[in-house]
Amino acid sequence: MSGEFNKFFVEGMACLGAGIGMIAGMGPGMGQGYAAGQGASAVGRNPGARGSVMTTMLLGQAVAETTGLYSLVVAIILIFANPYTK
Amino acid sequence: MDNSLDLGINGYYHFELFGKTFWLTNTHISIIIIVSVITILAILANRVIKKADPAKKPGKAMNVIELVVEAIDSITRSNMGDKHFFGFCNYIGTLMIFLVLSNTVGVFGLRPPTADYGITLGLALITFFLIHINGFRYQKMKHLTELFHPIPLTPINIIGELATPVSMSLRLFGNILSGTIIMALIYGLLPKFMLLFWPGVLHIYFDLFSGAIQAFVFCMLTMVFISKNFDD
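Those protein sequences? They're chains C and U, same order as listed. Heads up, the first sequence is in the numbering used here, so the first residue is -8 and it goes up one at a time. Heads up, the second sequence is in the numbering used here, so the first residue is 18 and it goes up one at a time.
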């Protein structure tokens, strides 16, 4: 009886934790927006360098996205492959 | 969980080998399809190249092949320099073709193989070994001693080196898996009449755009990390 209660409690808390953990998506959003704004102003100053500015901006944005993806992976593990409810 | 939600990896067939159970999952099926498509395209391209006559003007298929090869060569040359690019453009080209095909295969209803952590970790480990083999080749023992360069920071340097394959593999895996999950939620949870047009728009973003960007970023980071260790 109490073991079953604990299982459901742990599952619900894991879903709550996954939702709270995805607040980490805020940081990469701000960083990517800043990078895109700087890229737009760079293209405005020097339209000839559009290709290389775009490449550098996309590369930097993809690297900045990593921390948000860590929290996504943690959330997915908490929901679908939770080690504590096995 | 509801049966119409298709989020995870489904096994279709299993067999026993050495006392362990092995599953044939939908990731295996889509990777077999992708590899056979790439092999057939490579055989056709080889036949076109063998039949090409340098004295006459090139045909349509020859033009497409030259376009792909020259694009990959110019990306590799601009990132790794004129001296070293020729040894790496074959690997980068293979990686690019495989990743573009396997990230965008969700458009055809298959599960993208890169949404499975085993495949992205394997690709990132290849990059890890390429970085360090080339580091020892071009910088000799200096590649090892620069880990201890400020001596108090040695553990952080070691962790930083080990974090490279983890972050590269998790970046590719997380991007493709999030696209797969969002598409599965849209197909599984909305009523049927909502599914007429606009999942196509989301397919363009999550499968085609995001998949192509991530394939490009993976190749780009591989080239940047390897060429960091060149001596000139």
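Please keep in mind that the hints were generated in silico from the structure rather than gathered at the bench. We put the beta carbon where it would ideally sit given N, CA and C, even for glycine. Among these hints, one or two may not hold up.
What the hints assert, rightly or not - Derived coverage of chain U by chain C (criterion: at least 3 residues anywhere in the stretch with Cβ under 8 Å from a Cβ of chain C; other residues may be distant):
1. 48 to 54
2. 161 to 175
Unchecked claim - From chain U, some residues computed to sit far from chain C (all C-beta separations above 10 Å):
3. F35
4. D70
5. K73
6. K74
7. V85
8. A88
9. I89
10. F105
11. L194
12. I203
13. K209
14. M211
15. L212
Here is what the structure says about each hint:
1. 48 to 54: Violated, because only 0 residues of the segment 48 to 54 of chain U bring their Cβ atoms closer than 8 Å to Cβ atoms of chain C.
2. 161 to 175: This one is violated; 0 residues, fewer than the three required, reach chain C with a Cβ under 8 Å.
3. F35: About 25 Å separates U/F35 from the closest Cβ of chain C, which puts it past 10 Å; holds.
4. D70: 34 Å, holds
5. K73: 33 Å, holds
6. K74: U/K74 is indeed farther than 10 Å from all Cβ atoms of chain C, at 29 Å.
7. V85: 18 Å, holds
8. A88: U/A88 is indeed farther than 10 Å from all Cβ atoms of chain C, at 13 Å.
9. I89: 15 Å, holds
10. F105: U/F105 clear of chain C: closest Cβ-Cβ about 18 Å, beyond 10 Å.
11. L194: 7 Å, violated
12. I203: Non-interface label stands for U/I203: nearest chain C Cβ at 17 Å, farther than 10 Å.
13. K209: Fine: 26 Å to the nearest Cβ keeps U/K209 off the interface.
14. M211: 24 Å, holds
15. L212: 24 Å, holds
The structure shown violates the earlier hints numbered 1, 2 and 11.
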